[in-house]
Amino acid sequence: MIHISLLPVKEYKIFIHSLLSFLSAFFIVKVLLLFVRYSTINFFNGSYELNHFEVICTNHPHSSFWTQTTVVSIYGISVVVSFCLYIFSKFLQKRIKLESLHKLLFCWIQIILLFQSFGIIVKSILIQQDFYYALLWLYLPPVAIYVIGIIFLVVYFKLQYSIFFEFVKISPSQRLIKTLENKRLFFIKHCILPVLCGYAILFLIHEFEMYIYEIVEFSVCILILSSVLIRKKNKAIKIHKNYTILTFNYFLLCITIICLGGYLFLSKIL
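Be aware that the sequence shown starts at 0, since it is given in numbering that gives the first Met the number 0, and climbs by one per residue.
Because the hints were derived from the structure by calculation, they are not lab data.
Hints should not be assumed to be uniformly reliable.
Said to hold, decoys possible - Derived DEER-like restraints, expressed as beta-carbon distance ranges: (1) Cys83 with Pro141: 23 to 33 Å; (2) Val153 with Val79: 13 to 23 Å; (3) Ile55 with Lys89: 22 to 32 Å; (4) Leu203 with Tyr11: 17 to 27 Å; (5) Ile204 with Ser63: 32 to 42 Å; (6) Asn41 with Pro140: 28 to 38 Å; (7) Phe14 with Ser46: 39 to 49 Å; (8) Leu195 with His61: 38 to 48 Å; (9) Phe14 with Ile256: 13 to 23 Å.
Fair warning: this is a prediction, and the values are worked out from it, not measured in the lab.
Quick reminder that beta carbons are idealized off the backbone N, C-alpha and C, glycines included.
With the hints as extra help, turn the sequences into a complete structure.
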């Protein structure tokens, strides 16, 4: 049995940074996509309402408002924008030299963007919502839609799985992740636990009022992140000496507060 000796203060600070990075990334992505969805619906002169972190088009299902163009545009724009932003963030991450703290924030942004692209497709097909109906408007048979969902699920698992190693690179020392068991424990403490705490905070903001899509979103997120724990191979990972997140960063805290304030502001004016 392998024991990991993490200093309480070190473990605490890494966890806090990961939690703040998750919340910051969540609000950044959600506010951006909220504005994109709102702009698209408004472009077609549709009616809408803010449903927690989603802008919902409220036009009647049998209204003449719904055409192939409006359905594909409204339901597909978030997926396309999310995937483009994911590619752009990967490009930036490789082109610029990031400190550990910024790298951690990029990891969370990419995880959430992946869910808002590939994950949204899987979620929508699973509960027959949004993107599922957009595909129906393209005259695709239900069987083909579910096949597409399975393909996107496999791709989604693969891409999210690769981010696991980016998280492990945040480790302040090589010894903490020398074995596969150490990698798993490090990942649980600084990835899965921040997600659990982060979603608890998000539900608290909305007074624990939950919708079916939020439950599915949370479940899929935890499922994908937890899937890396079953890995049987121990991939060698290089830890850079300049990677340190042991000093509490007030800039990240300010970003989190600003992003939360921006969302709450938009929720009042939309």
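Ascending list of hint numbers which this structure does not respect: none
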